[in-house]
Amino acid sequence: MFPERVLLLTWEYPPRSISPISHYCKQLADYLSSKGIDVIVLTYDDQKPNKFYLENDNLFVFTVGNPVHGVYNPLTWSLTMAYEMEKKALDVIREIGGVDLMHTQDWLTIPAALLLKEYTETPLFITFHSIEPVRVGGACDPYIEAVKRLEYEGCKEAEKIFVNNLWMKYQVMYHYSVPERKVEIAIPQRKLWMKDVLKGYEVLKR
Amino acid sequence: MKVLHLAWEFPPWKVGGIAPYLSGLSKTLVKKGVEVHVVCPGPETKDSEMDGVKVHYFKADFPSNDFISWVLQMNFFMKRRITELWKSEKFDLIHAHDWLSTLPAIYAKHTYRVPLIATVHDTEQGRWGKGQGIPMINELDWKLTYEAWKISVLSDFMKWHLQDLFNVPEDKIWVIPPGIEADGYRFEFDPNLRNNFAAPWERIVLFVGRMFHQKGCDILVGAAPFILKEFPDVKFVCVGEGYARMQYTDLANWMGVGQKFYFTGFLDEFTKRALMQLADVIAIPSRHEPFGIVALEGMCAGTPVVVADEGGLSNIVQHEYNGIKVWKEHSESLAWGIKKVLRDPELARRLVESGFKTVRERYDWDKNTNLMIKLYEEVLGEYEKSDWAKAKATSP
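Protein chains in written order, with numbering that gives the first Met the number 0: chain A, 0 to 205; chain B, 0 to 395.
Everything labelled a hint here was simulated from the structure, so no lab data went into it. Wrong hints could be hidden among the right ones.
[Said to hold, decoys possible] Derived pair list, reagent style DSS-like, types lysine-lysine, alpha-carbon separation capped at 27 Å: (1) B:K108 <-> A:K87; (2) A:K86 <-> B:K171; (3) A:K190 <-> A:K34.
Keep in mind it's a predicted model, so treat the numbers as computed, not measured.
Bound conformation, chain A alone (with noise of 0.2 Å):
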């Protein structure tokens, strides 16, 4: 069985939930845990951080606070909530001794997975719900332009980026360079649109 455990970074999954990367987060998880593969998530949660439980017997879930408080914009609140990220999921992998691969939602989480995967040398899959081109339309900004920059660099890291439709495809691929074969198509609103991501992790078997 290929893989046999997935790390899921997220920040944000049931109960919390802000947008439909939760639902997504959790339909992914009860999928592959019921294929048998062990998913450890890693999520942000403010009210309930260090926390840990297990929804089944292959589905257990980390949360983590933000270490630094005052923070005040989400580039800021990204870049140091990855520290506790980093952190927890280093103690993880530690005490497992490692997963088969990383899955990260879009770029709030990037600089945790980026540098667990320089350290671990684990591959990576991102999903882009949205990208920041596509969210600003045509506007300039450092902040956009910050943010702009962690997704392309989880693109050149990812081995496989996972969207929702076509149009997203061609977004990612225009804004990112990123060559066709590298984006692959999972829509939540068909049935059984898991098995797209698990056999889009097959990747790594070749």
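Got chain A sorted already, so can you dock chain B onto it with the hints?
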């Protein structure tokens, strides 16, 4: 012993006081057999070597609207550089400088399980006043002192300041003053240089520092009328750049002493040092000074110093022995100190003589670096006996 220094500046990239301090310290550490690596931002990503110090730059082109966003992005790329470097090099110690490298230092400490030493040059609350400043920077200041195995500070004042601010235990802080290359401040130069700053008959009162509230150049402007009343031949030369420069120029004009002030802006190191030798008095009226390197530079250049009785300056200067101490934030008191030196050439000569002796005895890189090595050895000794050394062995 292999030490990894984390800093936000290192020559030729120089912004504040960390670059010259780290450059002096690391060079001397190398001479004493310590292998020193520095990770810091620079114009491009490259590895280079300066006087035996291995410097690992990473490109600092981070888009940002504000300084904190810049620092956090810089920290992110610093972490990646450390991770990349650690694959080929293994370090015994991490040494971080100020809040600007707090987060990468904590990351490296917990990831590689090696002890962290911090040098706190200054704090946010020190710069802006107790309870003031940016809360996030204040938190990073605290975090660095909390996570560090041991902390080194440059003056007794900073030791007290950290104890007062963050309740840091006394035995966790070591006072290790920096050194200064005293001979670098006495050299031959073109005597006509003086004409660029003052008329031949004028006496020069020099101020060197950034044009910020903290450095108190406005206090010197306030002292000018008191000095000029007795010594109308004094010219005030203020070297340094900063947001308050125009404000101070306006203040001098408003007080009717504008023609006696020359705000030079930023000057190159050679001219600055030459000017220090030319000056009759160096005034340092800082509101907050964690160490006060300008006082030492003045002593090296052979010019009497008049300093505010504040922070690190209080530790360096002994009243009427190697300088004159005056009340903090008090223009009249500053004027009194400057006039005292201008009035009494014999006192000025004595101050210069003792000042140079102070520098030779207390601020020698060679001697002070030995203290830093002692600190490293003590930390490593404690570390070897701790659980952390065992934990390191199990790191992936």
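If you check each hint against the structure, which ones fail?
-> The structure conflicts with no hint, since it agrees with every one listed earlier.
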